[in-house]
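Visitor: Fit chains B and C to the given chain A structure using the hints.
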Amino acid sequence: MKLFSSVHDVTDIKQFVQDALDLKSDPHAHAALGKNKTLGLVFMNPSLRTRLSTQKAALNLGMSVIVMNMDKEGWALETQDGVIMNGTTVEHIREAAAVMGQYCDILGLRSFPKLQSRDEDYSEDFFNKFVQFCGVPVISLESATRHPLQSFTDLITIRETWKGAGTPKVVLAWAPHVKALPQAVPNSFAEWMSKAQAEGMVDFTIAQPEGYELDEQFTGGAKLVYDLDAALRGADYVYVKNWSSYKDYGKVLPASGNWMLTNEKLRLTNNAGVMHCLPVRRDLELASEILDGPNSLVIREAGNRLWAAQAILKKMLS
Amino acid sequence: MKLFSSVHDVTDIKQFVQDALDLKSDPHAHAALGKNKTLGLVFMNPSLRTRLSTQKAALNLGMSVIVMNMDKEGWALETQDGVIMNGTTVEHIREAAAVMGQYCDILGLRSFPKLQSRDEDYSEDFFNKFVQFCGVPVISLESATRHPLQSFTDLITIRETWKGAGTPKVVLAWAPHVKALPQAVPNSFAEWMSKAQAEGMVDFTIAQPEGYELDEQFTGGAKLVYDLDAALRGADYVYVKNWSSYKDYGKVLPASGNWMLTNEKLRLTNNAGVMHCLPVRRDLELASEILDGPNSLVIREAGNRLWAAQAILKKMLS
Amino acid sequence: MKLFSSVHDVTDIKQFVQDALDLKSDPHAHAALGKNKTLGLVFMNPSLRTRLSTQKAALNLGMSVIVMNMDKEGWALETQDGVIMNGTTVEHIREAAAVMGQYCDILGLRSFPKLQSRDEDYSEDFFNKFVQFCGVPVISLESATRHPLQSFTDLITIRETWKGAGTPKVVLAWAPHVKALPQAVPNSFAEWMSKAQAEGMVDFTIAQPEGYELDEQFTGGAKLVYDLDAALRGADYVYVKNWSSYKDYGKVLPASGNWMLTNEKLRLTNNAGVMHCLPVRRDLELASEILDGPNSLVIREAGNRLWAAQAILKKMLS
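Chains as they are written, first to last, in our numbering: chain A, 1 to 318; chain B, 1 to 318; chain C, 1 to 318.
These aren't lab readings, by the way, just hints derived from the structure by calculation.
As the structure is a prediction and not an experimental result, all values here were calculated from the model.
Here a beta-carbon is modelled for each residue, glycine too, at the ideal position from N, C-alpha and C.
Since no wrong hints were added, every one of them can be taken at face value.
Take a look, some chain A residues computed to stay more than 10 Å from chain C by CB distance:
hint, residue
1, LYS24
2, ALA31
3, LYS114
4, SER245
With a straight-line Cα cutoff of 30 Å, these simulated BS3-like cross-link-like pairs (lysine-lysine) come out:
hint, chain 1, residue 1, chain 2, residue 2
5, C, LYS24, A, LYS37
6, B, LYS37, C, LYS72
7, C, LYS72, B, LYS114
8, A, LYS114, B, LYS72
9, B, LYS72, B, LYS179
10, B, LYS24, C, LYS129
11, B, LYS35, B, LYS2
12, C, LYS72, A, LYS129
13, C, LYS37, A, LYS35
14, B, LYS72, B, LYS129
15, A, LYS129, A, LYS179
16, B, LYS265, C, LYS129
17, B, LYS37, C, LYS37
18, C, LYS35, C, LYS129
19, B, LYS35, A, LYS24
20, A, LYS35, C, LYS24
21, A, LYS37, C, LYS35
22, A, LYS35, B, LYS35
23, A, LYS35, B, LYS37
24, B, LYS179, A, LYS72
25, B, LYS35, A, LYS315
Next comes chain A alone, as it looks inside the complex:
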């Protein structure tokens, strides 16, 4: 594996989930695999779970890790070609990426969208150029339009916890927020769940207010419902997440009705497990009573980030 940027980079998601769960049961089984190998983690934006879990995953495989907070310890990067660099950008991504590839065996990159131009963000220009010029395998630590480490983790968590008969019903439920957030997490989740649905692993529904439709390249096969209560009926997993509008790009549109998940709404489900990628705004996106209650899977989900990252690193090292 030379690139992990979306579900399309994985050939067999069922096996890949199993690989991660095997690592969870025996974390240090491959401690020699990463000997003398270095993982470079490049952050253009803040991180907590991704930073810590990916570091720990690499350490479990015997790799060393170098973290580079490019935004804070480095400088602004230019991505456009053909510009005279007489402004505020100090180095071009062509050089910066190539240089990082000189010192690291695998690189991870986090780079958020600016939410100003849909074309720019959805071109994944920054991420793609980094991959193109660095010359080593790359793991997305969340790009402008996807967060595949998170979505892989989410599928691991569903597989790990699902003890029912048949196929679990999974609902991605839009939630309110005060800020305009990227679509990366819901895009990626939809993409992974659509693939999982195609393989008979889940039954997948998206619940959202009108105007919040995601790009259809990610949602193929998903049922789309504009009524949260209707979507929740019979749900086995509810994945709560805010995102800004894709159509009216980057905007926070008014949403009629109550979209925050509460215990009252949870009673409509099949005693569903509640998931969130974190960080979560308590009592704005998701009720505290759920986060502090028995149905919350959010901490287990965060813990599983480690095994998702380790499975990918293992694949790249093998």
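Guide: Same frame as chain A, but now just chains B and C:
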């Protein structure tokens, strides 16, 4: 040991000091103890000595270390329960702490007081919630009201350097500063010295201007003197430190007389060793002539931070 | 080797270059040398190549690495002696350096000039005091007036790529920029090339506009040319770099003529390899067509930073 937040977490301080000195004489004797274990160091505030010495201590024990500057690389954390998180805090301490505990075997936390509300600071709400929710052993890297790694180091340094007969006289001497500083270091020092006095290891005096009395929960058994010169007579160790008022909380009160330690004042002592936790403001808190002279113990003291941290980590790993 | 701050700290540069190239061909041959040793990297200013390559070099030797971004994770340091520290500086370099030396076996320090006072910058007061007070071997990660790791790398790259008969002609060519940059890189490059010229390894020319003459302590033996085209004729290596004026200290002086290297100008050379320390401003300092073309050595040069750093660390550990 599951928690190191104050002297009360140590059952036998004499033995604990000896453990640290044993590690100093053979730093790598326990290099296998931390195999496959990760220490996470979480900083809400800047650090030099604590950051470096605790990292090195963990490395000496074979642990790996992940540093998280939450204030710079992460985001603002909410600590209050029951609030709708529609403001500037991005994640609740409940989730953030629990998540960090998923990736680390031991966590260290630094979190300074705001010096605005005495009740809030002295409740140690932030530190205690972190301990409560992270689910793994925690070392205080300085909290709102205590800096136990520093005070343990100070006791190690006194034991290591005291060659006299009998019990050394230790004076905690308030010093001037231009900023309002926390009481954490003097609180903690007083707490450790009071315990050490109770065990016959030191004779402990606090010298300070009126209005700078510390919370009595930390100073039990200490002699309190309002005249620096009187306190210095016969002193074997002078621990210089500024702090803001506890009574008139967080305020810098006017102090009559000269409270900066100089060579002239040092002549009143029993050729005392001079200590300071650092960073120190030269010629404001403490005269350069002392820092550059033969009585200064400040660099040795800083070096001993390593063995204090290593002794605690060793205890937690054992 | 106790200090690496300039070419004067190296006794045999030919052998030293060979040592680096030997490490490049067998990076992990000395993986036991750094066991239980810690390298501390102290940054007062941003870094990409230096930070990553020096970390990786230390890891290859089995050392552990602690990075300290003093400007971001720490606080402002005082360097002047005899001042009452009642301003914004929190700690004196005397204490800060000594403390870092307590935890690290080797220290690296990056500290840029302020470009306000030539006397202050060229005294190397900050760097020298750090060396004086830390008590352990020190590597310059770029100081006010020199960047010896870079220049050592440049010599390695020339030796590695030169396949011609005789002595290669090396031209240091001033280039335009929008900001006032330090003279550290050209000073250091000139110093290393002058030494290399004295040992018959290169033939060295400096091309620059009038007013940009470097301090003569660095340029002894170099030919000085004020006409870029004339200098380029017969060049085997062109080292492109901007710097601000040394004479009219820290100023960006007007430069008549076109000083940006392009393919057209490159045709004047002996099909020269083009070098730059990076980061480079594309199409301002150096044409994109060169950076993206076959004559560019900049990525290889950046990659060689690793072997330069490893050769120095190996020397210090031996």
